[in-house]
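Enquirer: Sequence:
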Amino acid sequence: DKVGDAMEDLLAAGLEAAGHELPKKLHLGLLQEKNLGLPAVVSGAWEKMVQLLKKLVNLLPSATTTLKLARKEVSKLYSNMNSIFKLFEHKGEAVFAQVSSLWRTTWIVYFVFLISLYPILLFYSFWCRGYLGGPYPFTQEEEEAYQRPQSFRESCGACQRSCAMCMKLSHDSHLVLWSLVILVQVVALMVFIMSIVMCILAGVKAFLTSGCAQIYVIN
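Position in the sequence shown counted from 1, then plus 876, gives you this note's numbering.
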């Protein structure tokens, strides 16, 4: 009973106030004296209890120091989190909504751009064969009826017609085909770079999420 009352008093008054008087307050000497006149079975149980209380006496000072340090660290963490979440309370919703909208828009543009490449290639396949308003070869009469431009406006028109003629005469050549293939490869490289950037952002998000999972309030 005295040991139990002493433990309650220690918990009520604080472990740091006990100091080196813990063995006296726990009445370990009294327990050892009472242990001498008891039967062997009961004496062994009391001996184990005395040893356990001695270990407890040795651990309580270090536990007190650890609790003091933990209290200081928790106070610092509380002040930091309090200031951060006060700022989030006013600006967090708008910032998260904006980031979410930009993230959604980025993925929509990414997939729309990626899917649109296939209809463009299909259209080019039909167009270079003369379908869907595609070019067709000039006749001999059209080539002989050509006249040199006389003014600046006619020169600009001739430049435009020359580009169109190049497309008409070379639209199904290897040069145009490989030029288009290289252009598509450049576009695919840009898409690949965008994919890498998005994967990095997803990795950073997963890292932050795993870090916040240790704090049960945030998780």
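Simulated from the structure, these hints should not be mistaken for lab results. Yeah, the Cβ is synthetic: ideal placement off N, Cα and C, and Gly gets one too. Careful: at least some of the hints might be erroneous.
[Unchecked claim] Derived DEER-like restraints, expressed as beta-carbon distance ranges:
hint	residue 1	residue 2	range
1	L953	S1086	57 to 63 Å
2	R1005	I1058	20 to 26 Å
3	I1072	L978	45 to 51 Å
4	T940	F972	38 to 44 Å
Enquirer: Could you run down the list of hints and mark each one as holding or not?
Expert: We went through each hint and held it up to the structure:
no.	hint	verdict
1	L953 <-> S1086: 57 to 63 Å	violated (18 Å)
2	R1005 <-> I1058: 20 to 26 Å	holds (21 Å)
3	I1072 <-> L978: 45 to 51 Å	violated (18 Å)
4	T940 <-> F972: 38 to 44 Å	holds (43 Å)
Of the hints listed earlier, those the structure fails to meet are numbers 1 and 3, in rising order.
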